[in-house]
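Undergrad: The primary structure of each chain is shown beneath.
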Amino acid sequence: KAGVTQTPRYLIKTRGQQVTLSCSPISGHRSVSWYQQTPGQGLQFLFEYFSETQRNKGNFPGRFSGRQFSNSRSEMNVSTLELGDSALYLCASAPPGLAGGLVDTQYFGPGTRLTVL
Amino acid sequence: AQSVAQPEDQVNVAEGNPLTVKCTYSVSGNPYLFWYVQYPNRGLQFLLKYITGDNLVKGSYGFEAEFNKSQTSFHLKKPSALVSDSALYFCAVSMDSNYQLIWGAGTKLIIKP
Numbered sequence: 001k002a003g004v005t006q007t008p009r010y011l012i013k014t015r016g017q018q019v020t021l022s023c024s025p026i027s028g029h030r031s032v033s034w035y036q037q038t039p040g041q042g043l044q045f046l047f048e049y050f051s052e053t054q055r056n057k058g059n060f061p062g063r064f065s066g067r068q069f070s071n072s073r074s075e076m077n078v079s080t081l082e083l084g085d086s087a088l089y090l091c092a093s094a095p096p097g098l099a100g101g102l103v104d105t106q107y108f109g110p111g112t113r114l115t116v117l
Numbered sequence: 001a002q003s004v005a006q007p008e009d010q011v012n013v014a015e016g017n018p019l020t021v022k023c024t025y026s027v028s029g030n031p032y033l034f035w036y037v038q039y040p041n042r043g044l045q046f047l048l049k050y051i052t053g054d055n056l057v058k059g060s061y062g063f064e065a066e067f068n069k070s071q072t073s074f075h076l077k078k079p080s081a082l083v084s085d086s087a088l089y090f091c092a093v094s095m096d097s098n099y100q101l102i103w104g105a106g107t108k109l110i111i112k113p
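First to last, the protein sequences are chains U and A.
Be aware that the first sequence starts at 1, since it is given in our numbering, and climbs by one per residue.
Be aware that the second sequence starts at 1, since it is given in our numbering, and climbs by one per residue.
In isolation and in its complexed conformation, chain U is listed as follows:
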């Protein structure tokens, strides 16, 4: 199976602009999560989508939003970019959990490196 793909891999934007990142999960995975990784804050959970519905959300401002399409592909949008939004944005997909649970192993994409100038 093909792995999780993220596009674009690198992005440079200026403050105030908006950006959309895309994630294609592994075939058959319906859960997609987004993370922000920075040297200072580590890995921080943004949100998770399952079957086109946001199931969990982290503590990020409303400038960060996402959606999931019927084919499980997901997009993340950041509006009014700030310098502090510069980070590696990781997407991960997961199969349904074991024995009816909600989560199992996550499979990560290579990330999108966003630089805000």
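Hints are computed from structural coordinates only; laboratory data are not their basis.
Treat the hints loosely; a few may be bogus.
The calculated lysine-lysine pairs, modelled on DSS-like cross-linking and capped at a C-alpha distance of 30 Å, are [claimed, not checked]: (1) A:Lys22 to A:Lys77; (2) A:Lys69 to A:Lys49; (3) A:Lys58 to U:Lys1; (4) U:Lys57 to A:Lys69; (5) A:Lys58 to A:Lys69; (6) A:Lys58 to A:Lys112; (7) A:Lys69 to A:Lys108; (8) A:Lys77 to A:Lys108; (9) U:Lys57 to A:Lys49; (10) A:Lys22 to A:Lys58; (11) A:Lys58 to A:Lys108; (12) U:Lys57 to A:Lys112; (13) A:Lys112 to A:Lys22; (14) A:Lys77 to A:Lys58; (15) A:Lys77 to A:Lys112; (16) A:Lys69 to A:Lys22; (17) U:Lys1 to A:Lys69; (18) A:Lys49 to U:Lys1.
Some chain A residues well away from chain U (every beta-carbon gap over 10 Å; in silico) [what the hints assert, rightly or not]: (19) Gly16; (20) Leu44; (21) Lys58; (22) Gly62; (23) Gln100.
Remember, predicted model here, so these are calculated numbers, not experimental data.
Cβ atoms here follow ideal geometry from the backbone N, Cα and C, with glycine treated the same way.
Mind docking chain A on chain U? Use the hints.
TA: Quick look at chain A alone, frame taken from chain U:
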């Protein structure tokens, strides 16, 4: 509140020596525990997980981890380190009733020849 702690920012080990990367957690209920590794400029890769059953879990690349409920720990170990094991290691925990993974801050593992 749920939390995961990786008490060491960096661990240095000589090649061929055993290595341990520490992880402790605090959750209510039964945890699902994970270890992931991140190589430079790459996404995270799954190493191993504990869901239930045997407390000693074996994973990829010769790594293993032991679930210790009384000490709420899930330390990652390898009997003989390789230079190629040098990477950033993350411990994470989730609960069956709550999808969201809680992540540790990561530990940089450096294996010296």
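Undergrad: Against this structure, judge whether each hint is valid.
TA: Right, here's what the structure says about each hint:
Taking the CA atoms of lysine 22 of chain A and lysine 77 of chain A, the gap is near 9 Å; set against the 30 Å cutoff, the hint holds. For the suggested pair lysine 69 of chain A and lysine 49 of chain A, the alpha carbons sit about 15 Å apart, so the restraint of at most 30 Å is met. Distance check on the hinted pair: lysine 58 of chain A and lysine 1 of chain U sit about 24 Å apart at the alpha-carbon level, within 30 Å; holds. With a C-alpha separation of about 28 Å, the suggested pairing of lysine 57 of chain U with lysine 69 of chain A holds against the 30 Å cut-off.
For the hint linking lysine 58 of chain A to lysine 69 of chain A, the alpha-carbon distance of about 17 Å falls within 30 Å, and the restraint holds. For the given pair, lysine 58 of chain A sits about 24 Å from lysine 112 of chain A by alpha-carbon distance, which is consistent with the 30 Å threshold. Proposed proximity of lysine 69 of chain A and lysine 108 of chain A is supported: the alpha carbons are some 25 Å apart, at most 30 Å. Of the pairs offered as hints, the one joining lysine 77 of chain A and lysine 108 of chain A holds, with about 14 Å between alpha carbons and a cut-off of 30 Å not exceeded.
Taking the CA atoms of lysine 57 of chain U and lysine 49 of chain A, the gap is near 23 Å; set against the 30 Å cutoff, the hint holds. For a cut-off of 30 Å, the pair hint linking lysine 22 of chain A to lysine 58 of chain A stands: about 16 Å separates their Cα positions. Distance hint between lysine 58 of chain A and lysine 108 of chain A is fulfilled; the C-alpha atoms sit about 21 Å from each other, no more than 30 Å. Our distance criterion of 30 Å between C-alpha atoms is broken by lysine 57 of chain U and lysine 112 of chain A, whose separation comes to about 40 Å.
About 19 Å separates the Cα atoms of lysine 112 of chain A and lysine 22 of chain A, which keeps this hinted pair within 30 Å; it holds. For the proposed pair lysine 77 of chain A and lysine 58 of chain A, the alpha carbon gap of about 10 Å is at most 30 Å, so the pair holds. Distance restraint check for lysine 77 of chain A and lysine 112 of chain A: the Cα-Cα separation of roughly 17 Å lies within the 30 Å cut-off, and the hinted pair is therefore satisfied. The suggested pairing of lysine 69 of chain A with lysine 22 of chain A holds, with an alpha-carbon distance near 14 Å, which does not exceed 30 Å.
A threshold of 30 Å between alpha carbons decides the hint, and for lysine 1 of chain U with lysine 69 of chain A the separation of about 36 Å lies outside it, so the pair is violated. Restraint check: the Cα-Cα separation between lysine 49 of chain A and lysine 1 of chain U comes to about 21 Å, which is no more than 30 Å; the hinted pair holds. Chain U leaves glycine 16 of chain A outside its interface by the beta-carbon criterion, the shortest separation being 30 Å against a cut-off of 10 Å. With a cut of 10 Å on Cβ distances, leucine 44 of chain A falls inside the contact zone with chain U, its closest approach being about 4 Å.
Against the 10 Å criterion, lysine 58 of chain A stays outside the reach of chain U, whose nearest CB is about 15 Å from its own CB. Chain U leaves glycine 62 of chain A outside its interface by the beta-carbon criterion, the shortest separation being 18 Å against a cut-off of 10 Å. The beta carbon of glutamine 100 of chain A sits about 5 Å from the closest Cβ of chain U, which is not more than 10 Å, so the claim that it is off the interface is violated.
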